[in-house]
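K.L.:
Residue numbers (this note's numbering), protein chains in the order written: chain A, 1 to 133; chain B, 1 to 133; chain C, 1 to 133; chain D, 1 to 133.
It is worth saying that the hints were derived from the structure and are not from the lab.
Even glycine gets a Cβ: it sits at the ideal position worked out from N, Cα and C.
Be careful, since some hints might not be right.
[Stated by the list, open to error] Label pairs and their calculated CB-CB ranges:
hint: 1; chain 1: B; residue 1: Gly15; chain 2: D; residue 2: Glu50; range: 52 to 58 Å
hint: 2; chain 1: C; residue 1: Arg12; chain 2: B; residue 2: Gly15; range: 43 to 49 Å
hint: 3; chain 1: A; residue 1: Arg18; chain 2: D; residue 2: Ala99; range: 25 to 31 Å
hint: 4; chain 1: A; residue 1: Ala105; chain 2: B; residue 2: Arg18; range: 20 to 26 Å
hint: 5; chain 1: C; residue 1: Gly133; chain 2: A; residue 2: Leu80; range: 54 to 60 Å
hint: 6; chain 1: D; residue 1: Ala49; chain 2: A; residue 2: Glu8; range: 23 to 29 Å
[Stated by the list, open to error] Cβ-to-Cβ under 10 Å is the rule here; a few derived chain A residues that face chain C:
hint: 7; residue: Met1
hint: 8; residue: Ala39
hint: 9; residue: Asp40
hint: 10; residue: Phe48
hint: 11; residue: Arg84
Number of protein chains: 4
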Amino acid sequence: MTFQEIMELHPRPSGVDRDSLIRCIETCLDCSASCTACADASLSEPDFAEMIRVIRLCADCADACDATRRVVTRQTAPNLDLMRTIVQACATACVASAAECDLHAAHHEHCRLCAEVCRRCKQACDDLLAAIG
Amino acid sequence: MTFQEIMELHPRPSGVDRDSLIRCIETCLDCSASCTACADASLSEPDFAEMIRVIRLCADCADACDATRRVVTRQTAPNLDLMRTIVQACATACVASAAECDLHAAHHEHCRLCAEVCRRCKQACDDLLAAIG
Amino acid sequence: MTFQEIMELHPRPSGVDRDSLIRCIETCLDCSASCTACADASLSEPDFAEMIRVIRLCADCADACDATRRVVTRQTAPNLDLMRTIVQACATACVASAAECDLHAAHHEHCRLCAEVCRRCKQACDDLLAAIG
Amino acid sequence: MTFQEIMELHPRPSGVDRDSLIRCIETCLDCSASCTACADASLSEPDFAEMIRVIRLCADCADACDATRRVVTRQTAPNLDLMRTIVQACATACVASAAECDLHAAHHEHCRLCAEVCRRCKQACDDLLAAIG
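Based on the provided sequences and hints, a complete structural model is requested.
P.N.:
Set out below in structure tokens:
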């Protein structure tokens, strides 16, 4: 995606490993869109009485991913404490929605796919946390 | 990205052409991330006194893209009037930031790239508007 | 709220009537929070099978209000075309969620209250559109 | 604001102290709007070369407040780990922007006011964390 090339052109990068930043942003973009789509599909399922937790936790996860992605994208004058805590919140949101989606993965393929992207995003958050130190 | 597969699994799709929806979402994701990255790079440029409009209009464009992408992702019980007007707002935001980034494209490659992604997103919004009818 | 005092201290205001801006922002803040709360309450109602459209349209309305409020808050170098189209999108979102919440107002007080705040926000959007011209 | 009344009508509240939730949401709403307004005013100041960190950290704080406020508003089937970590991220964002705004409080009244609302929001986050346990 174009945003990666733009990030590589930053005149005063923050020093945080850029590949880890970009990987976290990429997975946050897909995870946010996937969670919005999974919550929405769940709302239309015949068994949506069983899907209330999925709908709620996927909405949370989309919100956490969008905020985290914006903070992580900014390389000017970063605050590493904030970057660390918001990436941790995002990882926690991913774990929560992945766990709930797993419970429905056998009968709803969108939940199986959503759990996978949440886990990839959680991994990218953990890798970025390791890179921040 | 995974979100596309999830959208294709929606149990009760809205009837709006799904390829147009997905293309709009894809470009909104890249345009939002690119505008956040371009505003941030502009804030660190030595000539940032010239970049004030870029910083402002790219922030607006990121906000418009994120909201539009969420609305467009939802296929359950859509309101087509809302879909139409928010996609129009997104297209207008893309035009505004592309025009401003164009003014700086010769000396800031990130602005040249950002103008391009804004125009791709504007095109995807127009195509979706045509598909909605 | 403090944001109003901060807006009045802007060193180079845009010329758009500030009372109309502030009233639109105020109602967008309450409308976004109210729609998030109403969608969430609806998800926990015993008759939530009837609430699917409320849940979806209130989520849309919260997204539209948050993006619109951010764009409208910025007074530096505004683009009036964008301001106009995004405020129109917000007004359209408010009309959609108010109409849906009205259908449930008799048996869910949170829907009655939510419809009211959506209508106040729609009015503030219309007033701002008149002030922009 | 109306959102408080709607939250009090939730049919299956989460058990987290509601006054603490509402106070956190209220201050997140004002803090997000104030940070957006302060970043925007800073971008128009004659000495904005000194304001780069304010502009960046206030943008981060607005993003953290908006995501946190949405997660905290939802009372259906909450995940307390997520609530805790995202409220901590919000508190960290408030501390960062308050500290930077303090440096400019003597010559920019909007920074003095913004630092104050960030500290109120930080306090409301801390109080909510204590209530979650």
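K.L.:
Look at each hint and say if it fits the structure.
P.N.:
Going through the hints against the structure:
{"no.": "1", "hint": "Gly15(B) with Glu50(D): 52 to 58 Å", "result": "holds, 54 Å"}
{"no.": "2", "hint": "Arg12(C) with Gly15(B): 43 to 49 Å", "result": "holds, 47 Å"}
{"no.": "3", "hint": "Arg18(A) with Ala99(D): 25 to 31 Å", "result": "holds, 26 Å"}
{"no.": "4", "hint": "Ala105(A) with Arg18(B): 20 to 26 Å", "result": "holds, 23 Å"}
{"no.": "5", "hint": "Gly133(C) with Leu80(A): 54 to 60 Å", "result": "violated, 46 Å"}
{"no.": "6", "hint": "Ala49(D) with Glu8(A): 23 to 29 Å", "result": "holds, 25 Å"}
{"no.": "7", "hint": "Met1", "result": "violated, 21 Å"}
{"no.": "8", "hint": "Ala39", "result": "holds, 8 Å"}
{"no.": "9", "hint": "Asp40", "result": "holds, 7 Å"}
{"no.": "10", "hint": "Phe48", "result": "holds, 8 Å"}
{"no.": "11", "hint": "Arg84", "result": "violated, 25 Å"}
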